[in-house]
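Protein sequences appear in the order of chains A and B. Numbering-wise, the first sequence is residues 388 to 675 according to the numbering used here. Numbering-wise, the second sequence is residues 304 to 863 according to the numbering used here.
To be clear, the hints were calculated from the coordinates, so they are not data collected in a lab. Computed from a prediction, not measured in an experiment: that's the story for all the values here. Fair warning: there could be bad hints in the mix.
[Claimed, not checked] With the C-beta cut set under 7 Å, the calculated list includes, among others, these residues of chain B facing chain A:
hint : residue
1    : Thr493
2    : Ser692
3    : Leu693
4    : Pro706
Just so it is clear, CB atoms sit at the ideal spot from N, CA and C, and this is done for glycine as well.
So the chains spell out like this:
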Amino acid sequence: MSAATSGLPPLLRHAGWVLRGNPVTALAMLGTALLVLLALLAPWLVPYDPIASNVRMAMQPPSAAHWFGTDQLGRDILSRLLMGARLDLAIAASAVGLSFVVGAVVGAFCGYQGGWLDRAVGRGVDVLMAFPLFVLAMAMVAALGNRVENIVYATAIINLPFYIRFARTEVAVRRQAGWVEAARAAGHGRAGVVLGFLLPNILPNIAVQISLNLGWAILNAAGLSFLGLGITAPTPEWGIMVAEGARFITAGQWWLVAFPGLALMLAVLCFNLLGDGLRDILDPRMRT
Amino acid sequence: MTTPLLSVEDLRVSFSTRRGTVEALRGVSLALPAGGVLGLVGESGSGKSVTSLAVMGLLDRAGRVTGGRIRFDGRDITRAGPRELRGLRGAEISMVFQNPRAALNPIRRVGEQIAEVLRAHRPLTGAEARKQAVELLEAVRIRDAARRAQAFPHELSGGMCQRIVIAMAMACAPRLILADEPTTGLDVTTQKAVMDLLATLTRERGMAMLLVTHDLGLAAQYCDQVAVMEQGRIVESAPPAALFGTPRHAYTARLVAACPRRDSTIASLTPEAPPRPAAAPRKAPAPGTSPPGTPLLLEVQNLAKRYPDGTVAVDDVSFTLQPGESLGLVGESGSGKSTVSRLVTRLLDPSGGRILFEGGDIGGIPARDFHRAPQRRGVQIVFQDAGESLNPRFTAFDSIADPLRTLDGLRDGAALQRKVEDCAEDVGLPRALLDRFPHQLSGGQRARVGIARALAIEPRLLVLDEPTAALDVSVQAVVLQLLDRLRRERGLGYLFVSHDLNVVRMLCERVIVLRQGRIVEQGESTRLLHAPAEAYTAELVAAIPHFDPSAAPQAAVACS
Numbered sequence: 388m389s390a391a392t393s394g395l396p397p398l399l400r401h402a403g404w405v406l407r408g409n410p411v412t413a414l415a416m417l418g419t420a421l422l423v424l425l426a427l428l429a430p431w432l433v434p435y436d437p438i439a440s441n442v443r444m445a446m447q448p449p450s451a452a453h454w455f456g457t458d459q460l461g462r463d464i465l466s467r468l469l470m471g472a473r474l475d476l477a478i479a480a481s482a483v484g485l486s487f488v489v490g491a492v493v494g495a496f497c498g499y500q501g502g503w504l505d506r507a508v509g510r511g512v513d514v515l516m517a518f519p520l521f522v523l524a525m526a527m528v529a530a531l532g533n534r535v536e537n538i539v540y541a542t543a544i545i546n547l548p549f550y551i552r553f554a555r556t557e558v559a560v561r562r563q564a565g566w567v568e569a570a571r572a573a574g575h576g577r578a579g580v581v582l583g584f585l586l587p588n589i590l591p592n593i594a595v596q597i598s599l600n601l602g603w604a605i606l607n608a609a610g611l612s613f614l615g616l617g618i619t620a621p622t623p624e625w626g627i628m629v630a631e632g633a634r635f636i637t638a639g640q641w642w643l644v645a646f647p648g649l650a651l652m653l654a655v656l657c658f659n660l661l662g663d664g665l666r667d668i669l670d671p672r673m674r675t
Numbered sequence: 304m305t306t307p308l309l310s311v312e313d314l315r316v317s318f319s320t321r322r323g324t325v326e327a328l329r330g331v332s333l334a335l336p337a338g339g340v341l342g343l344v345g346e347s348g349s350g351k352s353v354t355s356l357a358v359m360g361l362l363d364r365a366g367r368v369t370g371g372r373i374r375f376d377g378r379d380i381t382r383a384g385p386r387e388l389r390g391l392r393g394a395e396i397s398m399v400f401q402n403p404r405a406a407l408n409p410i411r412r413v414g415e416q417i418a419e420v421l422r423a424h425r426p427l428t429g430a431e432a433r434k435q436a437v438e439l440l441e442a443v444r445i446r447d448a449a450r451r452a453q454a455f456p457h458e459l460s461g462g463m464c465q466r467i468v469i470a471m472a473m474a475c476a477p478r479l480i481l482a483d484e485p486t487t488g489l490d491v492t493t494q495k496a497v498m499d500l501l502a503t504l505t506r507e508r509g510m511a512m513l514l515v516t517h518d519l520g521l522a523a524q525y526c527d528q529v530a531v532m533e534q535g536r537i538v539e540s541a542p543p544a545a546l547f548g549t550p551r552h553a554y555t556a557r558l559v560a561a562c563p564r565r566d567s568t569i570a571s572l573t574p575e576a577p578p579r580p581a582a583a584p585r586k587a588p589a590p591g592t593s594p595p596g597t598p599l600l601l602e603v604q605n606l607a608k609r610y611p612d613g614t615v616a617v618d619d620v621s622f623t624l625q626p627g628e629s630l631g632l633v634g635e636s637g638s639g640k641s642t643v644s645r646l647v648t649r650l651l652d653p654s655g656g657r658i659l660f661e662g663g664d665i666g667g668i669p670a671r672d673f674h675r676a677p678q679r680r681g682v683q684i685v686f687q688d689a690g691e692s693l694n695p696r697f698t699a700f701d702s703i704a705d706p707l708r709t710l711d712g713l714r715d716g717a718a719l720q721r722k723v724e725d726c727a728e729d730v731g732l733p734r735a736l737l738d739r740f741p742h743q744l745s746g747g748q749r750a751r752v753g754i755a756r757a758l759a760i761e762p763r764l765l766v767l768d769e770p771t772a773a774l775d776v777s778v779q780a781v782v783l784q785l786l787d788r789l790r791r792e793r794g795l796g797y798l799f800v801s802h803d804l805n806v807v808r809m810l811c812e813r814v815i816v817l818r819q820g821r822i823v824e825q826g827e828s829t830r831l832l833h834a835p836a837e838a839y840t841a842e843l844v845a846a847i848p849h850f851d852p853s854a855a856p857q858a859a860v861a862c863s
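With the hints as constraints, model all of the structure from the sequences given.
Encoded structure:
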């Protein structure tokens, strides 16, 4: 290891090593970072107001003034894309965060304790999984009302079974491990063992799930708004943009739908590719 | 002199790893005559398994032969291609692996698996192969062979599985058998039966055997030549009597000393006991001489553990332990010794009986609530596999600090730092290693972390569940010395659980022999070892492989 990198903290040095071995992960990480940065800085980056319509400028193809063109109301597509990224990423992140926290904790307790809790939660998860998940999300949003929070809750609930099952199995195989018994001998109660020992140990494996899930969650949020549930026009959001743009594609005005579609695809791709590398980075056993 | 069956000349093997190239073998030379038995002994990482894998052409992708030569029957097979190796493997050279269950296909009947090996090398019909498979099972002394041939691996015991693997290895009458730790993980009595069988069969059929093992006693008993490996080199090679009687190389001498014999003491395990300025003994009552009126440290009455499926793990076990006394609990797998250790440590709930710790009944407190009981800090445990018992996400510091944080309520800061460093120093763990993760520590260092963690909150009773079973003998010697010293300095009571009567004897005044959850015999440890009253104990004692200077020549004669 060269002198330039030896001064870095071990995690960073290790991350560097993993990324050198996995250029795809490095690329995905770069893409994700760029996406998040653009979303965060969107209000200061946008060249035009994403909501104000300007009928005189409607349906302009991509040009120097409007890089990605304008839509049927003359709104700048680039500005709407950037602001939409903000909303879509926020929805995906909070939905996945919610289902991860709740699912991992519930699943870990089920896996550690077994017994009635495990059986009850297991049946509940089975029932949830028996529904077509997207239809379930649609029904929830339709019932609860078209609000951003409700999209988050619906997305979180349909992701929940995966986290519960995953955490449950991962904990169940470690339940009898020597270090779990050692933790009990060191005076940790059930909650201490589960939250302090088992959860951190299954985190690297869950990280893969999280990153895959972010991709799904974005698609899910965009899909709901595409169908007219959840976010409503004129709010800039990728799903709505695709839905609105789709009407014009037959007339040859491709840019209305192509750019939001591309943004969606890239975001999902980045998150999916991120997973494997993330696990390697987070696992201290991979560090030497 | 005739050409040896297997000759290895100046063999070099390298592995490419993340940290560059690692030389696993640095010029290994050995010769094995037809029908001979050569033992390859060494500690973990010495390169003994790599040698046998290289001979078989089974090095994994990262490994590469960088120099030297392997000849089998005069033929150079150093870089034999897959086709040539397929012809050799099974037919000329075959292998017996360490873990028999992993070597057998779990979803196929064992008879079929043997028949498959036969048909791979010989033109046989299915019926002929099946018939020969049954004959082979009879040859490895499996009773009721025709019926057992229909069994799946999981229906057979570990020793039985290893016999099947041996039957597969011998199926095509190879001239060389590579046995890589063939009995590690088996009980001593099973180990003896399997090794006796291997030795007899190879002798009867004129096969040569390369026995790779970490157990010097085993090598002494079954080989006519023993080569000692250290760091990818053979440091000494001699007949067992000479090697163990008058070792020439310093490493061999150290290894021989570290290997417990019937007359070894804790101190004799290392050539020179490290003179360590022992801290002033805090309280060191001579074992068993506590003033009258002191309650027993531990009293176990009619302890039982039954599982809902009807298995009885522990049945009617009673014993007592004085403060500062050390009691051994010996048994083979399934004897219930680990269950007893977890019942006493209150990690498991008993189904019957009482556990009294310093006069207070702790058996009645449910295991899941015991972490809140005041006695939690009084009873601690050191686990078998130190690597597996350390949280992979904790540094050594965190592992040792953990009980201090939970049970002593220490917060991060100078006090905790000092306490952890004191604990590390007590067990001889260098301070610089405290920020390492378990996988960055060696086996011996991990064992020290495990011991330091258990001792950090100063328990009165320490349950040691096979604390040295996963360690090399030289590390085992040091850890045993450490445990012995700590006990004397602190007046700790030990409940030492082990499968190795010989190790237990050195550390414990009294020993209990368990079998199938029941006490077979108990008594003073030297008496038990030299004059066992029960047949089972005698069998256990006899099965321990060892090299008696007087007995070694006979063993060599028996093997040749």
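Results for each hint:
At its closest, the beta carbon of threonine 493 (chain B) sits 24 Å from a beta carbon of chain A; the interface hint therefore is violated under the 7 Å criterion. Interface restraint check: serine 692 (chain B) against chain A, minimum CB-CB distance 3 Å, threshold 7 Å, status holds. Because the closest C-beta pair between leucine 693 (chain B) and chain A is about 6 Å apart, less than 7 Å, the hint holds. Interface restraint check for proline 706 (chain B): the shortest CB-CB distance to chain A comes to about 4 Å, inside 7 Å, so the restraint holds.
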